[in-house]
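*Asks:* Here's the letter readout for the chains.
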Amino acid sequence: MVEKSSLNEGTHSHSTEKKSGRITTFVFMRNLIAFLQRFRIFLVFAVLQILALSWYVTYLSFPRNQYLTTNNNIAIQVLEWEHDLTKHFNLSKNNTQLQWENIYWRKRQPKFMYQLSRGKVKINDTIFEQQYTYIPAEVINSSIDRSNNYFTLNVGRAQGIKRGMGVFCQEGVVGVIHYASAHYSLVKTVLTEDINIDVNIHSKKSDLPGFIKWDGKNARYGTVTGINNDLRIKKWSKVVTRGGSGIFPKGIPVGKVSHTEPIEGQALWKVDILFAADYRRLQRVYVIKNLHIAEQTALEARIPEED
Amino acid sequence: MNIVYKHIIRFVVFAFLQALVFNQLNIGFGIHLMIQPLFIMLLPFELAVIPLMGIAFLMGLVIDIFSNTFGLNTSALVLMAYLRPIVFKFYGPREGYDPLKEPTSQDMGSNWFALVYGLLLGLHTFWFFLLEIFELGRFGFILQKTILSGGLSFLLALLIQSFILNSKQKK
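As they're listed, the protein sequences go chains A and B. Using this note's numbering, you'd call the opening residue of the first sequence number 1 and step up by one each time. Using this note's numbering, you'd call the opening residue of the second sequence number 1001 and step up by one each time.
So that you can see chain B by itself, here it is in the shape it has in the complex (with noise of 0.2 Å):
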């Protein structure tokens, strides 16, 4: 498949996901699963890094404008999607990445996915509470709701992954 066709599908997919799946299920916990940081990390290494801000900016629209967050899911996206580049350099191999791979966890290894994503993540997720909450005084919530949400988010991530890698393999 043409991987421009295969990550426009993944954008749909990923949107009406969030949208109409994770944005509705109410955990309680101050618990927000978020599934759309997992797109960005999957797009291609190749990709540079004002085209990749673009493709966040348009992605967290689509989920602000689903979610009634004006701009908090853009914030985020654009935030990750700038530190990205930044991230993979510090922990890429030091002749810099096959251009033939993906940054998925069958192909880079399932502890650099983990590292890496899990960094990222954790960035997103925090600067999203910290603009939500807006309040220093409550720090310790923020932080709660970063690291609840964030880990269940990391492990939606694994379990979608395992999707994807498992569809690919059957090719």
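Same shape as in the complex, but just chain A (with noise of 0.2 Å):
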């Protein structure tokens, strides 16, 4: 009977062993199901949240997919209609200023020039190759109150736009091509906060090289950084593309400077410039195929890096 008992209260307390690890992953399994029930809303609200904000991060860096922005179809053809309805309303504004552009070009033309000396006639120029074509587009959806600002153009891969290509419109620039599909792009506007386009201010001696930053607060007024302020800058001197990356040609107004401040404890002026173009009213703007960048990608590409 003793020996029995003891046997039976071996198997006893084997089996209490086995049913207690059960009872605490059962309470386990029961508190985790408890918790997720109590703060069901939160979980829901946090998963939702990372959702947006992980968009947000990741598409700012770099666009991974078009269907998210005005680049899919639908988005692109309810703003389609209302483009259709509204770009009349500056149609007449517009029709001057092509007007006056055509007149500039015009006067530049040789064959409508008087010919001074009747000898030579010019035939075919080899001192001068076409380096930039243009591609014309319209602007169908825009903002200029976000710190961020992206317009998107009637025009994409289809007509050869690439990623990486300068806009502007007659007044000024514009800004780069962030995302180009099939007959739609994105333009990364000069009223982003990290556009960096290269830029020269014109003064007396020498051109002074900076960097375009905006500031995300009137689309009028943007700043040149990296003027080194032992240089004299005049105001409403030009400031003009450098044309060093290939993005833009050299000498496409960028605007005018209205303002130069020193910056405290660096040898540098904070400038503030005053844009050429109003970028509330931008309906046509031109984008620009270098057709030398591939040549300037790949000698850069040879530069050694430096480890």
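Keep in mind the hints are simulated off the structure, nothing from the lab. For glycine and all other residues, C-beta sits at the position ideal for the given N, C-alpha and C. Any given hint might turn out to be false.
Listed next, with one range per pair, are the computed distances between beta-carbon atoms [said to hold, decoys possible]:
(1) A:K87 / B:I1009: 24 to 30 Å
(2) A:Y134 / B:L1143: 41 to 47 Å
(3) B:Q1144 / A:G244: 34 to 40 Å
(4) A:A34 / B:E1095: 27 to 33 Å
(5) B:Q1106 / A:N73: 36 to 42 Å
(6) B:L1143 / A:L53: 19 to 25 Å
(7) A:F26 / B:L1119: 41 to 47 Å
(8) A:F28 / B:G1054: 25 to 31 Å
Two chains, two separate frames, one set of hints: put the complex together.
*Replies:* In structure tokens form, the structure reads like this:
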């Protein structure tokens, strides 16, 4: 009997061990479920927030897909309808601008000029080679009030648009193509915080190189950074593109210097500029295609990296 | 009209108004009019928080797609949907809300509406600009944008409310 009972006890204690293990997992699961139920609302909230914010953070650095921007089919269709309705609002002003631009170029065409020396005939110019071509485009969606403003254009890969091409309008620089879908593209404008277009400030002695920045406040004013304060800058001196990166040709207007003040603790000027273009009413723009860009990038890839 | 259809129609109308009219208005001074919070505000009292956040997420997605803000509106609207029941509970009557009433200024009184919607819209707008600018050094600018945009959006919401109210009285 004694032996039996001890045997029984042994098996009993063994099973209680198993049971207690099962009970602890059960308790753990029950606590977990209770926890999830209790914080269910907050967890759903957190998941949705993480989804939204990760979309925001990843898209700002690199565009991965087009479906969640204005470059998807439905949104574009709706915006096209809206554009068809509102595009005529500035029609007469735009026509006048285009007329003036035509006059400007017509004055510079050799065939419309008076020929002074009749003996010479220009056949083929071997001194100058065309480096840039331009693709006309219309802005169909834009904003200027955010801290990063993107415009949607009605041209895309079908027209040869690629990421990194420059965009300008008649008055001045607009931005750089951020993403191109089949028939539409998204422009990262100068009204974004990290646009960094290389520019020159014209001064009497030399051109001062710097970069455009925008502080997110006023769509009419931007800043140029990287200007040493040992040089004097006159108010209203012109700011134009430098053309070093091959995105913009040299000399596209950006704006005029409106205010300079020294940065404390640094040998640099803080230069405020008034943008040449009024981005609030922008409709017709040109996309720049640099015919030599592949050559330039291939050449610059040969620069040995410093480790 | 069936209450579900009514809110679906409101969803479409609010999304399109925001995308095609108020997004295109560039007033300056950093003012950005937003009417989509009013849609979240006007959803029925008895709607649970999780579906409410789901609807807010969808609405934010649509607005973000149309304005190239990549998730900013979504985040702000989901935050507002999360806070809505808490604020409602805090400022609600002790015996709970009458399920026949709607969270509008004519059902609940203009004082209640101004207080609750003002608070929710303020938090929504503040969160939106805080994320957009994301720089504590420019806190003054965030506040300026919040106050200007939030104030004007609030007045706009009162105007839209009066339109909805008028159309109801005619019926």
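*Asks:* Next step is simple, just say for each hint if it's right about the structure.
*Replies:* Results of checking the hints against the structure:
{"no.": "1", "hint": "A:K87 / B:I1009: 24 to 30 Å", "result": "29 Å, holds"}
{"no.": "2", "hint": "A:Y134 / B:L1143: 41 to 47 Å", "result": "43 Å, holds"}
{"no.": "3", "hint": "B:Q1144 / A:G244: 34 to 40 Å", "result": "37 Å, holds"}
{"no.": "4", "hint": "A:A34 / B:E1095: 27 to 33 Å", "result": "29 Å, holds"}
{"no.": "5", "hint": "B:Q1106 / A:N73: 36 to 42 Å", "result": "40 Å, holds"}
{"no.": "6", "hint": "B:L1143 / A:L53: 19 to 25 Å", "result": "22 Å, holds"}
{"no.": "7", "hint": "A:F26 / B:L1119: 41 to 47 Å", "result": "44 Å, holds"}
{"no.": "8", "hint": "A:F28 / B:G1054: 25 to 31 Å", "result": "30 Å, holds"}
The structure shown violates none of the earlier numbered hints.
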